[in-house]
Amino acid sequence: MTNASNDNHLFRPNSYIGRTVPRPNAKRLLNGRGNYTDDTKLPRMVHVAFLRSPYAHARINKIDKNQAIKAPGVVAVVDGHDIAEVCAPWVGVLAHLEGMKSAEQHALAIEKASWEGEPVVAIVASTRALAEDALELIKVEWDILPVVTDMEAALGEDAEIIHESLGDNLAWRRTMDAGDVGASFDHAAHIIEERYISNRHTGVCPESRSIVADFNSADDQMTIYQSTQAPHMMQSLFAKHIGLDTHKVRVICNDVGGAYGIKVHAYPDEFATVALSYMLGRPVKFVADRRESFLSDIHARDHRIDTRVAVTANGEITAFEIDDWTGVGPYSAYPRTSAMEALQVLNFTGGQYRNRNYKGRATVVYQNKTPMSQYRAVGHPIVTMITEGMVDDAARAIGMDPLEIRRRNLIADDAYPTTSASGLPFEKLSHQASLDKLEKMINYAELRKDQAAARERGVYRGIGIATFIEMTNPGVASYGVGGAPITAQDGATVRLDANGNTTVAIGVTEQGQGSETIVAQCVASALGITLDSIKVITGDTDVTPYGGGTWGSRGAGIAGEAAVQAGKALRENILEVAAIMLQTDADSLDICENNVINHRDGEVRMPLSEIGRICYFRPDTLPPDFQAELVATRHYVPRQYPFAFTNGVQGCYIEVDIETGLIAFKKYCVVEDCGRVINPQLVDEQIRGGVVQGIGGALFEECRYNDRGELLNGTMSNYLLPTMTDVPDIEVAHIETPTSESELGAKGAGEAGTGAAAAAIMNAINDALSPLGGKVTQQPFTPERILSAIGKI
Amino acid sequence: MTTEKRLISLSVNGELQAKIVEPRMSLADFLRIELELTGTHVGCESGVCGACTVNINGQTARACTILAVQVEGDEVTTIEGASESGEFRDLQDAFHARNALQCGFCTPGMLMMSAELLTQNSKPCRQEIREYLSGNYCRCTGYEAIVDAVETVAQTRNARVGEQDD
Amino acid sequence: MKPAPFDYVKPASLEEALELRRRHGAESAILAGGQSLVPDFNQRLRSTETVIDINGLSALSSIEESQDMISLGAISRYREIETSALVAEHAPLLKMAIPEIGSPAIRNRGTIGGSVSMADPGAELPACLCALGANFELARAGSKRMIAAQNFFTGRYETALDNDEILTRIDVPKNRVGFRSAFHEIARRKTGYAMCGVAAHGKVTHQSVQNLKMVFFGTDDTPMLAVNTISVIEGCAINDVPPAELDAALSEDLHPSDDTHGSAKLRMHYAKVLTRRVLAQFVSAHGEE
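One line per chain: the protein sequences are A, B and C, in this order. Just so you know, the working numbering puts the end of the first sequence at 793, numbered straight through with nothing missing. Just so you know, the working numbering puts the end of the second sequence at 1166, numbered straight through with nothing missing. Just so you know, the working numbering puts the end of the third sequence at 2289, numbered straight through with nothing missing.
Simulated from the structure, these hints should not be mistaken for laboratory data. Accuracy of the hints is not assured; some may be wrong.
Said to hold, decoys possible - To give a feel for the contact side, a few chain A residues facing chain B, derived at Cβ under 8 Å:
| id | residue |
| --- | --- |
| 1 | ARG19 |
| 2 | PRO22 |
| 3 | LYS27 |
| 4 | VAL204 |
| 5 | ASP289 |
| 6 | LEU447 |
| 7 | GLN511 |
| 8 | ARG688 |
| 9 | GLY689 |
| 10 | LEU712 |
| 11 | THR715 |
| 12 | ASP729 |
What the hints assert, rightly or not - So these bits of chain A aren't anywhere near chain B, every CB distance computed over 12 Å:
| id | residue |
| --- | --- |
| 13 | THR127 |
| 14 | GLU141 |
| 15 | ILE144 |
| 16 | SER293 |
| 17 | SER422 |
| 18 | GLY423 |
| 19 | VAL543 |
| 20 | HIS599 |
Said to hold, decoys possible - If you want the footprint, here are the derived chain A segments under chain B, 3+ residues with CB under 8 Å:
| id | segment |
| --- | --- |
| 21 | 31 to 37 |
| 22 | 257 to 263 |
| 23 | 672 to 685 |
Values in this document were obtained by computation on a predicted structure and should not be read as measured data. Don't be surprised by glycine CBs; every beta carbon is placed ideally from N, CA and C.
Take the sequences, apply the hints, and build the full model.
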């Protein structure tokens, strides 16, 4: 274990750690000089459009391509059989999810289509418009098959089996039984049962999924420009399924217009695009339009959970029990699978509480809807909704204040290290300190008074509190052990150039969250240089060290630590040269603000530009047996803990209009503990943006299907995203409990806002409605559901 | 079906342009593909998200809901032009300082709308800012930083006007 | 998606436009503001052979006053109507409704003629124009006809406009002494598409409301004049409209259906809530005098 004591560079007064600095790379975006994948234009580039299944489940009897191939501008018309010759199918399972099964999935459907929107035929043409014109000339003969839509009916005896080879529609099931749940329920003062429903929603990246694949057959080189979170993972997958050596595939990820987990998956239409470039030997571009995005981007959070909680008369929670069902579409997503949400619901529920009695079951089934998988805060919004819903249920049953019941049951701040009932290891969390801070921040006592006074006037206001845990800094346990080419480690290469400036190449990627900025802050602080002398390079598999990219709130904690260690290593290398040049001991020197200085008195001895000049242009002046190394690479992966859990609490005060069922936010506060805060502004904006995505799921967003498995609202005007007038200003505060596993001490912050928002809002609505005897437990908490809960409609 | 392409001429960012286009081409695609002004982004092609907002003859408009052939003779300003002229440099600086953007995809449209708001209402309150920009989606920031940045610029501009008056 | 191909013509005069319309008929589409039409093209929800762009017809863009009415050219932009002093004085209902439509960037382009021709059942202006008793001028080569707003809307996205006609002008009677307007809508999102809305206009005294036109949108296929509801309201003292009768009348007047944003039940509930808001506004407006 390392800690701050053996290196004070990170935390000395002029360090960039803990300091708000603006993102240097944001300037080009502000000037319209971003470089998103659709901005890529290559010689001889052609465009692909996909014919997608109009049915949720249908056999493909015949595809007539004859008219389409003759249409103006058309270069190729390709179906599932054609593409299968160059792109091998995949199965989205992982070895550590024992018993999981999924069917073989192809880039283009071959025998049948299994969801509305599954790609079936690809048309390549000189423009996207001409490709779309030709799509209208394709004739497909379909046999419409019965559909499976409801998750519980999917396992019914008379259910249509989507993939006969699997025998049934069960993807995966796991149970857990810790402590003695039975005894706890037997002795409980109150047992509260409830069904919670979290409805499907999706990420809606402003920039839709986009890819340009450019296969050069002369040197067998595939260059792929892709809007992705995980370039190295995609490199491995494209190489594997097209049958190229990995070093023959280069994935370049320039600016990404939002990802949120949606762009961490391998999609059939993107495999098809790469395969088409391989077949045609020229660049092929695919940019999903908005309709395609709604039908083919990963969906998430479609869960139905029956819960039971036991509480004693004095407010001790003595058992949680859950039965979680989720329907994940017809295929498990590749390569992360579609079982992680359910796994996390099973593992994380109740994890912030002392209770040791926990029983759960998670059931993942296949159905004929768009595939589901990971989206920002995977499983956490569901976990927090049911956990904090159960805790509020318990508090109401015994007439205890919601803050008080939490105070009595949260794991105490001095109890660490410890584990949850489900066995999660917690290094150190700060539930109590966070709750105390939130209580003051939101002015809880005053709000209760205001609430009471408002009720006198017939105005219904409610306070919602949601404590949470959040998984960040995932180690190899998440995917690597399951056999997926998903690395948990990240690497940084730091290079001093001839003029004394520094270039950092790093495996993590930038989606606007500020990865490049915090990496620069880490390197600058560790090395002793100014931020303006650093350039950070991300998103190019030919250039950066091998890394996992952006997922699981890992950028700051894992890539940041790699950057720190690389910066330190380069500092040692530089000081070794400087010591020779200055004929002194390296230990007596240091680097500060781009100069080599005396460690003792801070006197400037020489600028780094002089080190660069000598090492690169006049190495003859150095001793003959000495070779300077002005490049250093370091990698980092957490080993001690499988993940670094963070914690926090969200609180909101809302008013429910009981005539319209509409909600107005009056206050929204978040206390969050992500360990060491590297850039306070960037962390706060992650929290705010995350909360607003959580508000989207809580109040507006819902992929609505009919019983034929057809998506009813797959347009930007019918799928409701939160707009500027729908969301509040959000106050954010921090407790800092650094992880001692890394020198930097940072944990992740990108998903915490999203994870608890729905729970806080649900609890606030139910607090507001409590005098009327109504309660909502189904997301999104629409006016319809609220009015229905209080008997107004 | 074949359709007749048309020659259009217009001013984009102060430069005269003459191009032959298909009638079905949107202004957004025209700017991006024909003129390589890729700062105008296409997010929904249905006028809902606001990522393609540009300025036509002094007013904001959604470039995905306008055909390129319609802007014959018009003056179009995109984010590239506004950046080069510096007409809302203070907004760009405030967005930068306040981190009022993350992925940046919505940002050109947000800036176009913010600039228009401040020409019409020099002292907007936070709610007025939120209402004026409510047709522009941002999925990253949670919006508060954008409101802060626009509010800051309004206050700074007013203070400057106040100094001139003194 | 990109639109299916079409030809494009931009006539310089109304006569030319009408001749093009006569020639192309059902195979043509009129492009005004384009804020709904072009998105429909982009998503290939609609296609046409010939787009007739009427934005060059300056005669269709004026807002003018005559003795009894104001006349809005069909391509008057939302923004022009929103900021027009004539509209503010003589047809304040329109000014109340326009801020609820889309983004300012949409309002810079969208036109009143486009809105009514699209006949979106959730749109604000068709209901307002019905409540105000507006008349629409429809022109075809060689002739013109006037049609009352209430008769223009024939179904969801369907109007009385023939394939060889162009909507050229909208005449709105000037507000008369003692008349009040009210406009309310309820949307899932504050600036979003309304689940239910109402435009109301009538003569308000301290005792009662008379000559009331109360038109709902978002509930039926077309803007719906709530005749039974109006008769209940007109038949009572303004402060004493019996709620049960009001609700029963609304249930007769309106025929909402389910869609992705709300159920029929919800829309009917909202119609009741909005009716009370209109009455409350009329009462308080009168109290101010």
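Check your understanding: What are the numbers of the hints the structure violates, in ascending order?
Key -> Violated: hints 1, 6, 10, 13, 16.
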